[in-house]
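Engineer: Here is what each chain is made of, one letter per residue.
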Amino acid sequence: MKTSKFIVKYFDLIRIISAVIIGFLLALVFLFFVSDDPLNAIKTFILGPFASKRRFFNVIELAIPLLFTSLGMCFMLKVGEFNLIVEGGFMLSGAVVAWLASTALPPGIPPVIFPALLIVVGALVGMACGLIPALLNIKWKANVVVVTIMLNYVLTFASTYILRYWMRDTSVTYLGSHKLAQNAKLHTLLRGTDLHTGIFIAIAAVLFTWWFLNRTTKGFEIRVTGNNRSFAKYVGINVASSMLLAQMIGGALAGVGGAVEILGKYDRFLWVNQTGYGFTGLMISVLALNQPAAIPFVALLFAYLQIGANIVGTTTDVPSEFVMVIQAIIILLVAATLFMESLRKRAVIKLSKVEGEVK
Amino acid sequence: MVQMEEQILLMDNITVIYPNGFAANKNVRLACNRGSIHALLGENGAGKTTLMKVLFGSITPTEGQIYLKGKPIQFRDSLDAIQHGVGMVHQHFMLVDELTVAENLVLGMEPKKRGLFDFDAAVKITDEIAKKYNFEIDARAIVGDCSVAVKQKLEILKALLRGAEILILDEPTAVLTPQEISELFVELKKLRDMNHTIVFISHKLNEVKSLCDSFTILRNGQVVDVGRIDDFTEQELSNLMVGRQVSFEISKDAPKSEGRELLRVQNLHYTNYEGKQLLKDVSFSLTDGRILGVAGVEGNGQNELSEIITGLRRFSKGDITIDGSSIKNRTVRQIRRLGVGSISEDRMTYGCAPNMSVRDNIIADRYFTGKYSKGIRLDIKAIQKDTNALIKQFDVACPSPDSMAGMLSGGNIQKIIAAREFSSDSKIIIANQPTRGIDVGSSEFIHSQLIKMTREKGASVLLISADLNELIKLSDSIIVMYNGEITAYFEDASKVTDVELGEYMLGVKKMSTEEIGRALQQ
Amino acid sequence: MLEQFLTLDYLIAFLISVIRMSTPLIFCALGALIASHAGTINMALEGIMLMASLIAVVFSALTQSVIGGIAGALLGGLIISLLFVYLHLYKQSDLIITGLALNTFASGGTVYLLFLLTGDKGTSRLLQSLSVPNWHIPIIKDIPILGKILSGHNALTYIAFIAVFLTYILVFRSRLGLRIRAVGFNPNAAASVGISVKKIKLQAFLLSGLFASLGGAFMSMGYLSYFARDMMAGRGYIGIAATTLANGQSFGTLLASLGFGAANAASITLATLNLKADLVAMIPYLATVIGLVIVSARKLAKARKKGQVTD
Chain A
1 MKTSKFIVKY FDLIRIISAV IIGFLLALVF LFFVSDDPLN AIKTFILGPF
51 ASKRRFFNVI ELAIPLLFTS LGMCFMLKVG EFNLIVEGGF MLSGAVVAWL
101 ASTALPPGIP PVIFPALLIV VGALVGMACG LIPALLNIKW KANVVVVTIM
151 LNYVLTFAST YILRYWMRDT SVTYLGSHKL AQNAKLHTLL RGTDLHTGIF
201 IAIAAVLFTW WFLNRTTKGF EIRVTGNNRS FAKYVGINVA SSMLLAQMIG
251 GALAGVGGAV EILGKYDRFL WVNQTGYGFT GLMISVLALN QPAAIPFVAL
301 LFAYLQIGAN IVGTTTDVPS EFVMVIQAII ILLVAATLFM ESLRKRAVIK
351 LSKVEGEVK
Chain B
360 MVQMEEQILL MDNITVIYPN GFAANKNVRL ACNRGSIHAL LGENGAGKTT
410 LMKVLFGSIT PTEGQIYLKG KPIQFRDSLD AIQHGVGMVH QHFMLVDELT
460 VAENLVLGME PKKRGLFDFD AAVKITDEIA KKYNFEIDAR AIVGDCSVAV
510 KQKLEILKAL LRGAEILILD EPTAVLTPQE ISELFVELKK LRDMNHTIVF
560 ISHKLNEVKS LCDSFTILRN GQVVDVGRID DFTEQELSNL MVGRQVSFEI
610 SKDAPKSEGR ELLRVQNLHY TNYEGKQLLK DVSFSLTDGR ILGVAGVEGN
660 GQNELSEIIT GLRRFSKGDI TIDGSSIKNR TVRQIRRLGV GSISEDRMTY
710 GCAPNMSVRD NIIADRYFTG KYSKGIRLDI KAIQKDTNAL IKQFDVACPS
760 PDSMAGMLSG GNIQKIIAAR EFSSDSKIII ANQPTRGIDV GSSEFIHSQL
810 IKMTREKGAS VLLISADLNE LIKLSDSIIV MYNGEITAYF EDASKVTDVE
860 LGEYMLGVKK MSTEEIGRAL QQ
Chain C
882 MLEQFLTLDY LIAFLISVIR MSTPLIFCAL GALIASHAGT INMALEGIML
932 MASLIAVVFS ALTQSVIGGI AGALLGGLII SLLFVYLHLY KQSDLIITGL
982 ALNTFASGGT VYLLFLLTGD KGTSRLLQSL SVPNWHIPII KDIPILGKIL
1032 SGHNALTYIA FIAVFLTYIL VFRSRLGLRI RAVGFNPNAA ASVGISVKKI
1082 KLQAFLLSGL FASLGGAFMS MGYLSYFARD MMAGRGYIGI AATTLANGQS
1132 FGTLLASLGF GAANAASITL ATLNLKADLV AMIPYLATVI GLVIVSARKL
1182 AKARKKGQVT D
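Protein sequence lines correspond, in order, to chains A, B and C. Sequential numbering of the first sequence, starting at 1, is according to the working numbering. Sequential numbering of the second sequence, starting at 360, is according to the working numbering. Sequential numbering of the third sequence, starting at 882, is according to the working numbering.
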C-alpha cells in the first residue's frame, strides 16, 4: 500500500526517471554493440565528462545556452504554442551581436556597459523573432510549427548573410567574422576553462522565468491561457495579449542566450548552420514538464549526455550523434501519455480497494 | 379483422447504476408494439437518454433484459444494435458535412466497382430507398449545404438502409421549423404504416399528442405511467412528467429587497450565425436580495441569455444594464468589474483550468486587483491567506491548495467555482445549472450559499435550472422560457406548482403579453 | 548582365530544374495530403524522408539493384511511420512533440548509421550505391524545346506525377479514401456506422509515410547519387505547407509543390549569378511562410463569414 501511494504521488517523476534510465541503458547498448572496444567507450561516455576540470566545466558551459533556449521554449509551451523560433532567434541574435561587437560599434565602449548593451540588443532581436510567428498565428491562424521551422531557415540564412557581407574577416582562411572587441566579451571565470560570467545571467534567467510565471499577474494570465483558453476568456483574461507576451519573452530569452553564448565563448562569429540548441531546448522543457525549477537539472543532464557523446566521438570509434537518438527516445517515452500507465492504474486500483475496506 | 398486436420490443426491469453510484434507471420497463409510435417522456435528467443508450448498445445495464421479438438479447455495442435492427437518430447529427448525401448514406457499407468506390451506385441506392419510404432527398447534394430537416431525413434513411425496424428519435423536432415538423410527422406516420416501430423522445406535448400512439413517462429514473396517448390530455401528461419528486427542504427568509434594480434586460434579441433567432424580445428585471428563477426545457435560449449577460456573446438588439450601467461593448472583465459573477453550465470548459491548482482557480478572477498584486507582482501571502480561508469556508475537499483542480470530484470543482464567484463582491450571480451532476451534499451547500448571497449580502441571483424542485424552492420569482421567449412570469415563486410551470415549459400554455411584461420593472 | 539569363537555353535549364526540385516536394506533399484528409498532420515526414533516403542508398549498394534501393526507402520510411503511429495512436502521445522528436531521432540516427557503415559522418559517397535511371520519353523527347524540358528526367520524377493521380484516386475515388475523409471530417459520424477511427488513421499515416519515402529515395538516388546528412533541409515541412496551400486537393498540391520547387530552383539558379547567396537561399522558405499565411488568412476569413469562428 505504501508503494502504491508513492507511485501515485510521484508518478510523473517516476515516469521521467524511468525514461531517462531506459534512454541511458539504450545508449550503453548502442555503444556496446558498435564499438570495437565497448568497455572503453562506455567508460568514456559515463566518466569522460568528469575526467578533467576542463571537461567537467564543458558540461556547465554547454548548459548555459541550453538553459536559455529551454526557458524560452518553456514560455512558448506554457501558453500552449509550439513556437520553435528560439532556434532561429538564438542564432540571429548571436550574429547581430557579433556584428555589433566586431565591426559596427567602436571597440572603446567601456567593459560591463558594452556587453550589457549587446545583451539588451540580443533580447530585442529575439523578441522580434518571437513576435512575428505569434502575430501570424493570432491574426491569421497560420500553423505555428511549420511557419517557425521555415522562419528558422530564413533566420539562419540571415545570420550567414550578416556574417558574409557585414563582418567577414577575409584575412582568415575559414568563414568567420572579425574579432570581437575585447571590451564586449564576458569574462572567463576560471582559468583553464571557458566558464564565463554568462552563467550568472543564465541563473538569473531561471529565477526570472520561475518568478514571472509563478509570481506575476502576467505570468498567471499566460498559465491560464495555456491551460484552458475558454476559461481564460470566461474570467476576463485577454487571451491574445497573453499569447503575444509569452512568445515575445520566449524569443527574448533565446536572444539573450545567443548574445551570451557569442560574447562568452567565441572570439569570432563562426556559426554557419543551425546550432540545434532550440530543438534541444524544446526537449529539455518537455522533459522538465515545463517547470522552470526543473529545467536547470534537465539542461545539465542533456549537457552531460552531449559532452559525454562528444568525448566518445573524438576519442573512440563511435559517432557522437547517437546521443540525439537517445535524447529523442527519452522524449518519446515521456510524451507517450500511456507510458507506464498500467503501473499507475494498478496502484490506483490497489489504493481504492484499500480505502474501500477501511470504509 | 383485428390484427394481433405484436410486441416487438420489451426492455424489462432495466437498472443502470453509473460508476459514481448514481442510479439513472431503476427497474424500468419499456414495451413497444410493432407498427406503433411510442413516446418516451420525462424531464431533463429523468433517465430517457440512459435508457435509449441501453437500447442502442452503448451502455450495458447493471440489471435487466432486452427482448427483441420475444427473444432475449444483449448488444455488444451500437454496431451490434444496428445489425439487430435498432436505429438511432441522435440529436446531434452523426453526419459528415463535407460529403454528399449518398456518401453519408452508404458510409461503412460502400458499393464497390472494380475496386473503387462506386458513387453512381451509391446515388442509386439513395434514390431507391428514398423512393421506397417516400422521402424527397437530393443524393448528390453536399450535406453541409442541406437544411436541418434534410439532414434529419438522411439520418432516418441511414438507419432504415441498415435495416432498422425500431427507430429511436431523440428530440427530433427541437431543431425544426413548424412546417418541417409537420412534414416529418407525415413521414413518420408513413413509416409506422409500413410496420416500423418508432420510439419518440420529446418535451413538446402537443407534438406527442398529434403523433404518438402510446407513451411511457420516466421521472427520477423510474417509470411513473404507461398508457395510450388518446386516454390522456396534455395537461395530465404534463402533470405526470413534472410531478413532485423526492423533495428537499430549503429554509430561507423572505427577501430583504431595497428595490434597487441590479439587472435589467430590455427587449433583448439574439440571432445566431445560422440566422436562427434564439432570443426574442426578452425583458425582465432583477432587484437586490432576490433570486429570479429561469425555468425551461434546455435549449430554449437560457444558455445564450447567460452567455450574453456575462459578455461571452454579443447580443443583436436591446439592452442590458448592470446596476444602471449598460454592458453593451464591454469586455468580460469590465462586466465582471461591474459586479457580475457566474457559474457556467459547462464546468470543465468554462469553470476551471483543470491543470492548475485549486488556489489558482480560486483567484483567477481577481489576481490583478490591488488586494492581491502590486504592479505585476502577485502578493502570494495575501493570496494564500484568502484562498486558504475560502477553501475552508466553501468546504472544498482537496489534499492541498496546490492540488490540481482537475483531480477533484465534480462537486468539489463546483465548490471551487462557488468559492471564486461568490466571494468576489458580486452584485449579481448568474447561476446556470449550478448543481447539475454533483452529489447531494455539494448541491445543498451551493443552495445555501446562493441564499446567503441574497439574504445576507444583498446580491441578486439569476438561477437557470432544469431542476424544477431546485427552482421553486430557491427562487423568489420565476420566469419561464420557451423557444427563446419568456412565456410566463410568476411574481411569487412559492405560489407556483411544478405542474403549472411544466405547462408553460412544454408550450402548452402562454401568458398574455401584459402578464409577462410585469417581469420588467417600470 | 540580366540579358544572358533571359535566353531560351537558360529558361529551359530553369524549367528542368523546377521539375527536378519539385519531385521530392510532390511526394512529400502527397504524403501530407493523405494525413490531412484523415484530419491530422504527419509531423514526422521530415524524419521519414531522411531515414528513407539513407536506407535507400544502403539497400541499393547491398543489392546492387535500383528496385532494392526503392524497397529500402519504403522500409526506412515505414520504420519511422510505425514508431509514429504506435506512439501517437496507441500511446496517446502528442502529435507535434512525437513528430519533432522522431525527426531528431532520424537526424541523429541516420548520421550514426552512416558512420557505422562507411566511417564517414557527412555523405555516403563511399558506398557503391545506384541511382534511379533517367527516362527518355519516346515521341515527346523529339519535340523541340518541350522535349528537352519534359523528357530525360529521373524515373521517380515521372512516378511523382503519376502518384498525383494515384492519390487522387485513393483519396477521392476509393472506399478507403471515403472512409479516410469521413474520419477526418467527423470521427464521431464515422464511428457511428462502425468504422474504426484508429484503424483508418493508422492506414492513412502508413500510406502517407510510403509516399514521402519515395521522395526520400529521390533525394539520394536521383537528385544526388548519395546520402548526405540532414539532406531534407525542411522539405518535410514544405510538403505539409504545400498541401495546406492547396486545401487538400491533389492537383492543387501538385501546383503548390511546383511553385515551391520553382522557388527552390530560382534560389539555386540565382546563386550561380553571384547574387547574394544567403538571401537567395531564403526564397523557398520565405515563399512557404508567405503562402501559408495567405491561405490561412483566407480560410479564416471564410470561417468568420460563416460564423464558425466567433472571435
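Hints listed in this document are in silico derivations from the structure and should not be mistaken for laboratory results. From a predicted model like this one, the values you see are computed outputs, not experimental measurements. There's no promise every hint is true.
[Claimed, not checked] Cβ-to-Cβ under 10 Å is the rule here; a few derived chain A residues that face chain C: (1) PHE11; (2) ASP37; (3) ALA51; (4) SER52; (5) ARG55; (6) VAL59; (7) ILE60; (8) PHE82; (9) ALA142; (10) THR315; (11) VAL318; (12) VAL323; (13) ILE331.
[Said to hold, decoys possible] So these bits of chain A aren't anywhere near chain C, every CB distance computed over 10 Å: (14) ILE46; (15) LEU47; (16) TYR165; (17) TRP210; (18) LEU282; (19) ALA335.
Ideal placement from N, C-alpha and C gives every residue a C-beta, glycine not left out.
Engineer: A separate judgement is required for each hint: does it hold in the structure or not?
Structural biologist: These are the hints, each one checked on the structure:
Against a cut-off of 10 Å between C-beta atoms, the interface hint on PHE11/A is violated, since the closest Cβ of chain C lies about 15 Å away. For ASP37/A, the shortest C-beta to C-beta distance to chain C is roughly 15 Å, which exceeds 10 Å, and the interface hint is violated. Using the Cβ-Cβ criterion of 10 Å, the hint placing ALA51/A at the interface with chain C is not satisfied: the shortest such distance is roughly 23 Å. The beta carbon of SER52/A is not positioned within 10 Å of any beta carbon in chain C (closest approach about 25 Å), and the interface hint is therefore violated.
A distance limit of 10 Å between C-beta atoms decides the matter here; for ARG55/A the minimum to chain C is near 22 Å, and the interface restraint is violated. With a least beta-carbon distance of about 19 Å to chain C, the hint placing VAL59/A at the interface is violated under the 10 Å criterion. For the restraint placing ILE60/A at the interface with chain C, the shortest Cβ-Cβ distance is roughly 23 Å, beyond the 10 Å limit, so the hint is violated. Given hint, PHE82/A at the interface with chain C, holds; its Cβ is 5 Å from that chain's nearest Cβ, closer than 10 Å.
The interface hint given for ALA142/A holds, since its Cβ lies 4 Å from the closest Cβ of chain C, which is under the 10 Å cut-off. With its C-beta approaching chain C no nearer than about 15 Å, THR315/A sits outside the 10 Å limit, and its interface hint is violated. About 8 Å separates the beta-carbon of VAL318/A from the nearest beta-carbon of chain C, less than 10 Å, and the hint is met. The criterion of a C-beta within 10 Å of any C-beta in chain C is met by VAL323/A, whose closest approach is roughly 7 Å, and the hint holds.
Look at ILE331/A: its Cβ gets to within about 4 Å of chain C, closer than 10 Å, so that hint holds up. Chain C leaves ILE46/A outside its interface by the beta-carbon criterion, the shortest separation being 19 Å against a cut-off of 10 Å. For LEU47/A, the condition that its CB be more than 10 Å from all CB atoms of chain C holds, with the nearest at approximately 22 Å. A beta-carbon of chain C is positioned within 10 Å of the beta-carbon of TYR165/A; the least distance is around 7 Å.
Under the 10 Å C-beta cut-off, the non-interface status given to TRP210/A relative to chain C holds; the minimum distance is some 23 Å. Consistency note on LEU282/A: stated as away from chain C, yet its beta-carbon is not over 10 Å from all of that chain's, at 7 Å minimum. The claim that ALA335/A is not at the interface with chain C is violated, since a C-beta of that chain comes within 10 Å of its own (minimum 4 Å).
The structure shown violates the earlier hints numbered 1, 2, 3, 4, 5, 6, 7, 10, 16, 18 and 19.
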